[in-house]
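All chains should be built: construct the whole structure from the sequences, respecting the hints.
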Amino acid sequence: MAKLYGVKYYKVELEGSSSGYAVNHSAAVYLITQDGSLRFLFPHGTSPALIVKAIRYLLANT
-17 MAKLYGVKYY KVELEGSSSG YAVNHSAAVY LITQDGSLRF LFPHGTSPAL
33 IVKAIRYLLA NT
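Counted the way this note's numbering counts, the sequence shown spans residues -17 to 44.
Watch out, some of these pointers could steer you wrong.
What follows is a list of derived Cβ distance ranges for each label pair [claimed, not checked]: (1) ARG38 / ALA9: 20 to 26 Å; (2) SER1 / GLY27: 25 to 31 Å; (3) LEU20 / LYS(-7): 23 to 29 Å; (4) GLU(-3) / LEU41: 43 to 49 Å; (5) VAL34 / VAL(-11): 19 to 25 Å; (6) GLY(-12) / GLY27: 17 to 23 Å; (7) LEU41 / MET(-17): 21 to 27 Å; (8) LEU(-14) / HIS26: 16 to 22 Å; (9) VAL5 / ILE37: 27 to 33 Å; (10) GLU(-5) / ALA42: 46 to 52 Å; (11) HIS7 / THR44: 25 to 31 Å.
Hints listed in this document are in silico derivations from the structure and should not be mistaken for laboratory results. Where is the CB? At the ideal position from N, CA and C, for every residue including glycine.
Structure follows, in C-alpha coordinates:
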(Lines of atoms letter the chains of each structure in order from A and count residues from 1; the text may use other names and numbers.)
(Lines give C-alpha, C1' and ligand atoms only; values in the text may rest on other atoms or scores of the structure.)
Protein backbone atom coordinates (compact mmCIF):
# COMPACT_ATOMS: atom_id res chain seq x y z
CA MET A 1 0.00 0.00 0.00
CA ALA A 2 2.80 2.40 0.82
CA LYS A 3 4.31 1.99 -2.65
CA LEU A 4 0.92 2.21 -4.38
CA TYR A 5 0.13 5.61 -2.86
CA GLY A 6 3.66 7.00 -2.55
CA VAL A 7 3.94 6.86 1.23
CA LYS A 8 7.50 7.34 2.47
CA TYR A 9 8.68 5.69 5.66
CA TYR A 10 11.85 4.61 7.41
CA LYS A 11 12.92 2.99 10.63
CA VAL A 12 14.62 5.08 13.33
CA GLU A 13 16.60 3.35 16.08
CA LEU A 14 15.66 4.59 19.58
CA GLU A 15 18.15 3.73 22.28
CA GLY A 16 16.51 3.28 25.65
CA SER A 17 13.05 2.66 24.17
CA SER A 18 11.22 -0.57 25.02
CA SER A 19 10.53 -1.16 21.32
CA GLY A 20 14.01 -0.11 20.21
CA TYR A 21 12.78 1.80 17.19
CA ALA A 22 10.11 4.05 15.68
CA VAL A 23 8.85 4.44 12.15
CA ASN A 24 8.83 7.91 10.63
CA HIS A 25 6.36 8.33 7.79
CA SER A 26 4.61 10.76 5.47
CA ALA A 27 2.12 13.05 7.15
CA ALA A 28 -0.73 13.60 4.73
CA VAL A 29 -4.40 12.90 4.18
CA TYR A 30 -5.15 10.70 1.19
CA LEU A 31 -8.54 11.02 -0.50
CA ILE A 32 -9.13 7.74 -2.29
CA THR A 33 -12.17 6.80 -4.37
CA GLN A 34 -14.16 3.59 -3.93
CA ASP A 35 -12.20 1.97 -6.76
CA GLY A 36 -8.90 2.69 -4.98
CA SER A 37 -7.81 5.64 -7.13
CA LEU A 38 -5.88 8.37 -5.34
CA ARG A 39 -7.70 11.58 -6.22
CA PHE A 40 -6.26 14.11 -3.78
CA LEU A 41 -3.26 14.25 -1.49
CA PHE A 42 -3.40 16.90 1.20
CA PRO A 43 -0.17 17.81 2.99
CA HIS A 44 -0.10 18.09 6.77
CA GLY A 45 -1.77 21.33 7.80
CA THR A 46 -4.28 21.50 4.94
CA SER A 47 -7.39 23.33 6.10
CA PRO A 48 -10.44 21.20 6.83
CA ALA A 49 -12.47 23.49 4.56
CA LEU A 50 -10.30 22.57 1.56
CA ILE A 51 -10.64 18.85 2.31
CA VAL A 52 -14.43 19.19 2.60
CA LYS A 53 -14.49 21.06 -0.73
CA ALA A 54 -12.60 18.19 -2.40
CA ILE A 55 -14.92 15.57 -0.88
CA ARG A 56 -17.98 17.48 -2.07
CA TYR A 57 -16.45 17.79 -5.53
CA LEU A 58 -15.92 14.03 -5.74
CA LEU A 59 -19.40 13.26 -4.46
CA ALA A 60 -20.94 15.57 -7.05
CA ASN A 61 -18.82 14.29 -9.94
CA THR A 62 -18.79 10.51 -9.54
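When you take the CB atoms of LEU41 and MET(-17), is the distance between them in 21 to 27 Å?
For LEU41 and MET(-17) the Cβ distance comes to about 24 Å; the hint holds.
Given the hint of 19 to 25 Å, check if VAL34 and VAL(-11) actually sit that far apart at their C-beta atoms.
23 Å, holds
Just tell me: holds or violated, for the beta carbon distance of VAL5 and ILE37 against 27 to 33 Å?
28 Å, holds
Outcome of range test on Cβ distance (LEU(-14), HIS26; 16 to 22 Å)
20 Å, holds
Should the hint that GLY(-12) and GLY27 are 17 to 23 Å apart at their CB atoms be regarded as holding?
With a Cβ separation near 18 Å, GLY(-12) and GLY27 satisfy 17 to 23 Å, so the hint holds.
Taking the beta carbons of HIS7 and THR44, is their distance inside 25 to 31 Å?
Because 29 Å falls inside the window, the suggested range holds.
Verdict for GLU(-5), ALA42 (Cβ pair) under range 46 to 52 Å
47 Å, holds
If you check the beta carbons of ARG38 and ALA9, does the distance land in 20 to 26 Å?
Check passed, 24 Å falls within 20 to 26 Å.
Are GLU(-3) and LEU41 spaced within 43 to 49 Å by their CB atoms?
With Cβ atoms ~48 Å apart, the hint holds.
Within 25 to 31 Å: is that where the Cβ-Cβ distance between SER1 and GLY27 falls?
28 Å, holds
Is the gap between the beta carbons of LEU20 and LYS(-7) within 23 to 29 Å?
25 Å, holds
In this structure, every one of the numbered hints holds.
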